[in-house]
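J.: Mind docking chain X on chain R? Use the hints.
There are 2 protein chains.
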Amino acid sequence: MKELKIDSIDFKKGDGLVPVVVQDAEKQDVLMVAYANREAIELTMKTGYAHYWSRSRQSLWKKGETSGHLQKVREVLIDCDQDTVLYVIDQTGVACHTGERSCFHNKLVQ
Amino acid sequence: MKELKIDSIDFKKGDGLVPVVVQDAEKQDVLMVAYANREAIELTMKTGYAHYWSRSRQSLWKKGETSGHLQKVREVLIDCDQDTVLYVIDQTGVACHTGERSCFHNKLVQ
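Read top to bottom, the protein sequences are chains R and X. Counting in the numbering used here, the first sequence runs from 1 upward without gaps. Counting in the numbering used here, the second sequence runs from 1 upward without gaps.
One or more hints might be untrue.
Unchecked claim - List of simulated lysine-lysine pairs, DSS-like, C-alpha gap at most 25 Å:
#1 K107(X) - K62(X)
#2 K27(X) - K2(R)
#3 K12(X) - K27(R)
#4 K12(R) - K72(X)
#5 K72(X) - K2(X)
#6 K62(R) - K5(R)
#7 K62(R) - K5(X)
#8 K13(X) - K12(R)
#9 K12(X) - K46(R)
#10 K107(X) - K107(R)
#11 K27(R) - K107(X)
#12 K62(X) - K13(R)
#13 K62(R) - K62(X)
#14 K62(X) - K27(X)
#15 K46(R) - K62(R)
#16 K46(R) - K62(X)
#17 K5(R) - K62(X)
#18 K107(X) - K13(R)
#19 K107(X) - K72(R)
Note that these hints are calculated values from the structure, not bench results.
Looking at chain R on its own, in the form it has when it is part of the complex (with noise of 0.2 Å):
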């Protein structure tokens, strides 16, 4: 694992955004995938809670902020396009809006 500093991240490709794949360290599950700038992703390394940037709303979003569902960041990781974060963290609740555990579950039939 190579160590990255936050400068290496390549926001300019998403207009300076890059998608977050969100993973939960124990049970290992994909809950999410969202989007954070380059102040997301300092204020998660700062705070040790994820931190996002929503597109529909324009600003920037703690997550579980109001209903509680917070997200502890355990690790930052970087793709090697170093334009893709995922952020293995404890899930506090759920991690949809819908009330589900985690996003992904809708199943894709023929």
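T.: What follows is chain X alone, placed relative to chain R:
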């Protein structure tokens, strides 16, 4: 788990593409994030092997076609917003073009 058809997927938000998170079915590690258009997902469902849309090459791409590092797809999940997809796969060889198993082999440090 709700069952959805491909028409449910919202390709509009991403100009015809959706992000695809790829997770190993056994080891449960997140291997990569790529993009797919409707045709790539249809080919994935039809053949049982992961297909994507390469944004850099602007072409359909069967993972492992040249490297042999195929991804046999067990299921395709869709998130609550229906704009992000998760391929749960069995990975032959490695997922990353660098030779690492997962593309997420860098850790963000302060």
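J.: Now tell me, hint by hint, if it's right for this structure.
T.: The hints, checked one at a time:
1. At roughly 28 Å between alpha-carbon atoms, K107(X) and K62(X) are farther apart than 25 Å, so this suggested pair is violated.
2. A threshold of 25 Å between alpha carbons decides the hint, and for K27(X) with K2(R) the separation of about 21 Å falls inside it, so the pair holds.
3. Taken as a hint, the K12(X) and K27(R) pair is broken in the structure, with Cα atoms around 32 Å apart against an allowance of 25 Å.
4. A hinted pair counts as satisfied when its Cα atoms are at most 25 Å apart, and K12(R) with K72(X) does not qualify at roughly 32 Å.
5. Among the hinted pairs, K72(X) with K2(X) is consistent with the structure: their alpha-carbon atoms are about 22 Å apart, no more than 25 Å.
6. Taking the CA atoms of K62(R) and K5(R), the gap is near 22 Å; set against the 25 Å cutoff, the hint holds.
7. Annotation: proposed proximity of K62(R) to K5(X) is violated, straight-line Cα distance about 33 Å (limit 25 Å).
8. Note on K13(X) and K12(R): the hinted pairing holds, with a Cα-Cα distance of about 18 Å set against a maximum of 25 Å.
9. For a cut-off of 25 Å, the pair hint linking K12(X) to K46(R) is broken: about 35 Å separates their Cα positions.
10. At most 25 Å may separate the alpha-carbon atoms for a hinted pair to count; K107(X) and K107(R) exceed this at roughly 31 Å.
11. For a cut-off of 25 Å, the pair hint linking K27(R) to K107(X) stands: about 20 Å separates their Cα positions.
12. Note on K62(X) and K13(R): the hinted pairing holds, with a Cα-Cα distance of about 23 Å set against a maximum of 25 Å.
13. About 37 Å separates the Cα atoms of K62(R) and K62(X), which puts this hinted pair outside 25 Å; it is violated.
14. In summary, the hint linking K62(X) to K27(X) is supported, as the alpha carbons are separated by about 22 Å, within the 25 Å threshold.
15. At most 25 Å may separate the alpha-carbon atoms for a hinted pair to count; K46(R) and K62(R) meet this at roughly 12 Å.
16. For the given pair, K46(R) sits about 40 Å from K62(X) by alpha-carbon distance, which is inconsistent with the 25 Å threshold.
17. Between the alpha carbons of K5(R) and K62(X) the distance comes to roughly 33 Å, so the proposed pair goes past 25 Å and is violated.
18. With a C-alpha separation of about 20 Å, the suggested pairing of K107(X) with K13(R) holds against the 25 Å cut-off.
19. The straight-line distance between the Cα atoms of K107(X) and K72(R) is roughly 16 Å, inside the 25 Å bound, and the hint therefore holds.
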